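Peer 1: Read off the chains here:
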Amino acid sequence: MTLIRTTYNRRSFLKASTAAGGGMVLGFSWLASCTPTEAEIKSMPEAWFDINAFLKIGDNGIVTIMSPNPEIGQNVKTSMPMIIAEELDVSWDDVIVEQAPLDTQKYKRQLAGGSQSIRQGWQSLRMAGATARRMLLEAAAKQWEVSVDELTTSEGVIKHEASGQSIGYGEVASAAAGLEVPEEVPLKDPKDFKIIGTDRKNVDGPKIVTGEPLFGIDVQEEGMLIAMIEHPPAFGMKMKSLDASAAKGMPGIKDVITVNTAVEDRQWSDTNAFTELVAVVGNTTWEVMQAKKALKIEWETDTAAESTDGHDKELDRLLGQATKKAARKDGNPDAAFKNAAQVIERTYAAPFLAHNTMEPMNFFANVKEDSAELLGPIQTPEFLSKSVSSILGIDEEKIAIGMTRMGGGFGRRLYGHFGVEAAVISQKVKAPVKLVYTREDDMTQGTYRPDYKVTYRAALDADNNLIGFHIRGAGTNGSPVFANRYPAGAVENYLVENHNKESNISTGAWRAPRSNFIAFAEQSFLDEVAEAAGKDPIEFRLELFDKAADKPVGERNDYDAARYAGVLKLVKEKSGWGKETSGVFRGVSAYFCHNSYVAQVVDVVMENNAPKVQKVWCAVDCGIVVNPMAALNQIEGGIVDGIGHAMYSALSFKDGQPEQNNFHTYRLIRHPEAPLSIETHFVDNGIDPTGLGEPSLPPIAAALANAISKATGERLYQQPFITDKAMLG
Amino acid sequence: MAIFNLTINGEKHQVDVAPETPMLWVLRDHVKLVGTKFGCGIGQCGACTIHLDGVAARSCSMPISGVADQKITTIEGLSKKADHPLQEAWIEHDVPQCGYCQAGQIMNAASLLESNPNPTDAEIDAAMNGNICRCGTYVRIKAAIKTAAAKMS
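Chains as they are written, first to last, in this note's numbering: chain A, 1 to 729; chain B, 1001 to 1153.
Chain A extracted, bound-state conformation (with noise of 0.2 Å):
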């Protein structure tokens, strides 16, 4: 058992009366309206308590969680209940979730991105349900006038083993609700946990398989209007003149109205190329896409037109040049390489990705004279808070933001302007509005995915030791490459440098940041380089483990080589390493990011004369796993996610203008591109848990990469690989 002193603001405490929003209402009616079902309406109790801004208690014993997080299909919606739950120590069939409002003061760090809810949130989740259980103990320790000490729980009850008496948490919530929040709580034991490490299926799943409005385009408000934007057809390019009078006069439309979204006091999630925007408005969707059709607009050009050609040409000559300072030196790089015994060097480059969120960008806006109302799929609603409370000159206290269930984020939702526009089209047209953007609209206005490259250089001697490693590397809006990642630590003489290319196309995160790129090219090449130096795979880069571990280079190594080493070896287990299958082609690769190690072998069959995953192996060392079934779900998910894009997406661009703009020439994978099966081993080492969803991504593509290589004896330098090769095509 572990103590912690409790760190809430004294706002979490308050009670529900006084606690929405400084006094304002969220009047979010819809996400209220779905029917309950009979089982629902007879467990409601007659009364709530409030025990803290996380939960609230029956007087039946029902328990209402508070969800604080987006949840974007990471699961967070029910993994981070669970957590407060375990520690509550309440049956999960009686724990009712609900997704909380942003809510600064309550919550901290109401945010999805970087793979940190459940690292970040562990604490105060856990803390959250024992404080509640303290309080719930008290309250019974008053009541039978005995000390707490002697009180232990089980599922909700509360029992004093001396006397046989037990009570329940709904009939001592009152009078718990009442008392004083303690200073200090205990913890469980994680060899106590009941829920956690427990698969528990998705709390939203009854309402996703029957069609229950859940997302933000599914919102209806009273007298709501829909709103589509028009922005530039290609970066770099501005509105010069409109000519609306053909679609003002269509039937439906309210009014076709410029607005300009440049957020004054910007955050860092204001990235956004587009702000001159023309806001068609009006009653049905349908009828605003028709009118969207009959803008007349004349575009001028602002700034650069770039293209991808253009790309490819400046990130090859940032390649040719070294540059002015290094990211990370160890050693002597130049004596090694011009000592070496065999120098190997090779150049990986991808494209720009877009991030197509099954559910394209929407937003719900009210915006009053000096109120707003916000509801709809964001991962950043803090920073949305702060955008829109600049741009409509109203307080932020004045300002609600609800948030939805989302269809993807994948990154693409920490860009909120979206959230902005619909704010300043309800606030110019004094209407409730949704703005919703065709995919055309949300292909074509991204935070892309930029298109990069890099050089990697090894140098051998003549007993094959591995002793310089050098990268370059290139990319849009930066670099993709961590200079203190692996090898970096395993290597004598070592040395990292950055090049950055500006660009006026808008970039941002996109799932695994810099990492879906980077893992391909690190562990493609270091495949090469065990070829090159006669070893087996896994065991030159455990050999390089062993290094990093026993005598580690520099000091800034930002992974922990046994743990790295632990998922490459059981990996290696789990597959049958070395074992050789007539026709099946393998290849490894291991991958660290977001606090949490991820290694993968592919088994590749080649039909058709193209390749077919048939199976993936993964070993993932994620410490803890909260939701079993659901951390598996994000796993396959992430390898699915990997191979697909490494197989067949990009974006390209032509003078500023995007060349795909919907799923018939952008390729997302499909069905029977999937693998067959995927087997996936979690560590079990009892380590607080660290990132999941974005983890399993990286390393898929070089195990892909580096199988197909077995199979055709050719190696992959280009994604995506369908237009690299010809037998791909």
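Hints were generated in silico from the structure; no laboratory data involved.
Treat the numbers as computed from the prediction; the structure is a model and nothing was measured.
Beta carbons: idealized from backbone N, C-alpha and C, even for Gly.
One should not assume that every hint holds.
[Claimed, not checked] Pair by pair, the computed Cβ-Cβ distance ranges are:
hint, chain 1, residue 1, chain 2, residue 2, range
1, B, A1143, A, A335, 26 to 36 Å
2, A, G197, B, E1092, 12 to 22 Å
3, A, S241, B, S1061, 30 to 40 Å
4, B, G1054, A, K612, 30 to 40 Å
5, B, K1151, A, E222, 38 to 48 Å
[Claimed, not checked] Some residues of chain A that are not near chain B, with every Cβ distance over 10 Å (derived):
hint, residue
6, G58
7, V97
8, Q120
9, A162
10, A175
11, K201
12, P233
13, W268
14, N504
15, D655
16, R670
With chain A fixed as given, assemble chain B onto it according to the hints.
Peer 2: Chain B alone, transformed into the frame defined by chain A:
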């Protein structure tokens, strides 16, 4: 604008819309059934899949004028008590991640099982090829379809 009489999930509805309005937007904006999802608008992703007389159709590319008296089924009407074997299998396998495409996946799979009660892996792949899942739940979707098929046979 024109008046259309529709049968959706066994209930009669009357809407007054332009004849070229796709069924997707009739359902979502006029009938207020939002389980059918907008993904691409060009019949490439399958998120908007509904049934016309029991057969899967892409509602985003299906003008209301072409529906005539065919019976429309949406995800809300696939079963009365969320107990279609596919809905149950989706829960059993905990298929959804974000969940946005899943109504379309289920509707497409229901149409497949109607015509082919015991599909092979290759037949599932071929039938489901038009339904994109951006979260990558394909392995689970296939397992859930097989579970439902076994239950229905």
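Peer 1: Evaluate each hint against the coordinates.
Peer 2: Each hint, compared with the structure:
The given range of 26 to 36 Å is broken by A1143 (chain B) and A335 (chain A), whose C-beta atoms sit roughly 56 Å from each other. At roughly 20 Å, the beta-carbon separation of G197 (chain A) and E1092 (chain B) lies within the given 12 to 22 Å, and the hint holds. Distance hint check: the CB atoms of S241 (chain A) and S1061 (chain B) are about 33 Å apart, consistent with the given range 30 to 40 Å. The supplied range of 30 to 40 Å is met by G1054 (chain B) and K612 (chain A), whose beta-carbon atoms lie about 33 Å from each other.
Between K1151 (chain B) and E222 (chain A) the Cβ separation comes to about 42 Å, which falls inside the hinted range of 38 to 48 Å. The claim that G58 (chain A) is not at the interface with chain B holds, since no C-beta of that chain comes within 10 Å of its own (minimum 25 Å). With a minimum CB-CB distance of about 15 Å to chain B, V97 (chain A) clears the 10 Å threshold, and the non-interface call stands. Distance to chain B confirms Q120 (chain A) as a non-interface residue, since its nearest Cβ pair spans about 21 Å, more than 10 Å.
Remark: the non-interface label on A162 (chain A) is consistent with the geometry, its nearest Cβ contact in chain B lying 43 Å away (cut-off 10 Å). Here A175 (chain A) stays apart from chain B, with its beta-carbon at least about 38 Å from theirs, past the 10 Å limit. The beta carbon of K201 (chain A) is not kept farther than 10 Å from every beta carbon of chain B, the shortest such distance being approximately 5 Å. Non-interface status of P233 (chain A) relative to chain B is upheld: no Cβ of that chain comes within 10 Å, the nearest being about 18 Å off.
Here W268 (chain A) stays apart from chain B, with its beta-carbon at least about 24 Å from theirs, past the 10 Å limit. Here N504 (chain A) stays apart from chain B, with its beta-carbon at least about 27 Å from theirs, past the 10 Å limit. The beta carbon of D655 (chain A) is kept farther than 10 Å from every beta carbon of chain B, the shortest such distance being approximately 24 Å. The claim that R670 (chain A) is not at the interface with chain B is violated, since a C-beta of that chain comes within 10 Å of its own (minimum 5 Å).
Consistency note: the structure conflicts with the earlier hints numbered 1, 11, 16.
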